[in-house]
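A.B. asks: Sequence:
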Amino acid sequence: MTTQLLLTGGAIIVLIVLSFLFSGTETSMTAASRARLHTLAANGDAKATFIDRLLQRKDRLVGALLIGNNLVNILASALATSLLLSIFGDAGVVYATITMTVLLVIFSEILPKSLALYRPEQFALYVAPFARFVVLLFGTLSSAANLLVRGILKLCGLNLSRDHYMLSAHDELRGTVEVLHREGAFVKQDRDRLGGLLDLAELEVSDVMVHRTAMRMVNADDPAETIVREILQSPYTRIPLYRNSTDNIVGVVHAKDLLRALHEVDNDPARIDIVKVASKPWFVPDTTTLHDQLNAFLRRKAHFAVVVDEYGEVEGLVTLEDIIEEIVGEIADEHDVEIQGVKQEADGSVVVDGSVPIRDLNRALDWDLPDDEATTVAGLVIHETQTIPEEKQAFTFHDKRFIVMKRDKNRITRLRIRPAE
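Going by the working numbering, 116 is the number at position 63 of the sequence shown; the sequence numbering is gapless.
Check before you lean on any hint, since a few could be wrong.
What the hints assert, rightly or not - Below, a list of computed lysine-lysine pairs in the PhoX-like style, where the Cα atoms sit at most 25 Å apart:
1) Lys462 x Lys445
2) Lys396 x Lys241
3) Lys329 x Lys396
4) Lys333 x Lys396
5) Lys100 x Lys111
6) Lys354 x Lys309
Stated by the list, open to error - Just the calculated beta-carbon pair ranges, DEER-fashion:
7) Asp224 x Arg185: 42 to 50 Å
8) Phe450 x Ser196: 48 to 56 Å
9) Asp419 x Arg110: 37 to 45 Å
10) Asp224 x Asp112: 19 to 27 Å
11) Trp335 x Arg172: 19 to 27 Å
12) Leu201 x Lys241: 43 to 51 Å
13) Glu378 x Arg110: 23 to 31 Å
14) Phe450 x Tyr364: 28 to 36 Å
What the hints contain is simulated information worked out from the structure, not anything from laboratory work.
The beta-carbon is built from N, C-alpha and C at its ideal position, and this holds for glycine as well.
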């Protein structure tokens with residue numbers, strides 16, 4: 054009798070250990086990062102390669118683990134009930150229920166799942182051979198059970214293959230980066246750069262272009278000396294050339310081409326035909342995505358394009374640098390004109406030029422102002438108020454208080470922004 058009790062007790066312990074493995078394996082396999090496992094597999098880790106293959110059919114893996122886990126839990130509970138009935142009689146049912154509930158919850162649920170969640174990849178690699186054995190043992194039964202479940206759900210009007218919602222790869226990456234930043238594994242600059250890269254497919258050229266009101270251009274009808282002086286005094290390498298009207302851009306002058314032309318005529322500007330020095334302008338629609346425009350720049354080996362609207366009117370210009378700055382942030386060199394667009398005050402408010410892009414403000418101050426309907430801060434205020442505010446008017450939206458400080462005709466040129474009370 055004593056030997057039988059010892060064997061039964063030993064069997065219960067073995068079953069609890071197996072339940073530990075089943076629960077831990079299920080949690081680690083579902084919580085493990087596919088990206089990290091893929092990296093380990095690419096570096097030659099055989100276990101990571103096998104886990105990656107298992108996770109390609111996650112429903113089959115989880116089903117096999119659940120079948121095994123339920124079998125050992127039920128068998129352990131049955132053996133415990135039989136053991137305690139032989140010792141305590143009818144009261145053994147109560148003792149078995151309490152004892153097995155405590156043991157299974159602590160040693161077969163909380164403990165293994167806590168360990169698996171703490172280091173899911175390491176735990177998954179450790180139990181990979183066990184998972185392989187379980188799938189070989191219960192894989193067919195799991196597939197049949199999953200087929201039955203899908204059939205039942207289909208009768209209820211649910212189709213797992215059709216209705217299953219999945220984030221796009223971009224959204225998943227963006228969410229992962231945001232979580233890593235919140236946990237301290239990603240600094241703000243790295244988060245912004247990856248976010249900017251992912252945003253290229255969603256942003257259009259009109260979101261980053263230099264508006265026509267801020268473009269620096271030269272008139273082809275001006276004297277050559279005047280044109281040369283303006284170009285050499287400009288901080289920009291490429292300058293649009295127009296004739297009669299700023300909507301009629303006839304070329305783009307590159308400063309280096311101009312210097313070569315000056316050298317050929319012994320530095321006599323009067324002998325230069327500026328139209329011949331200029332290259333042919335490249336016009337692009339304002340609705341082109343930044344992703345497509347970046348590829349077009351690289352394909353054409355170009356750095357500069359004139360942006361036009363649906364009517365063919367000049368709307369602004371975009372450069373390769375403008376797009377790269379969406380990824381890496383502001384790029385400044387020794388020839389850039391420094392424009393103070395954002396200034397933080399001692400009282401916690403921020404003074405902003407109306408022309409500052411919302412995306413730049415969000416990136417600089419880690420804000421979350423919407424940029425769907427407007428590109429600049431002034432545009433956001435006009436969109437939200439549905440009017441052109443007067444000076445000293447104040448508005449509250451998006452958890453911020455916007456105060457119009459300066460207005461030039463119909464343009465809001467300066468605002469003060471502070472947290473809404």
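A.B. asks: Are there hints from earlier that the structure breaks, and if so, what are their numbers?
C.D. replies: 3, 4, 7, 11 and 13
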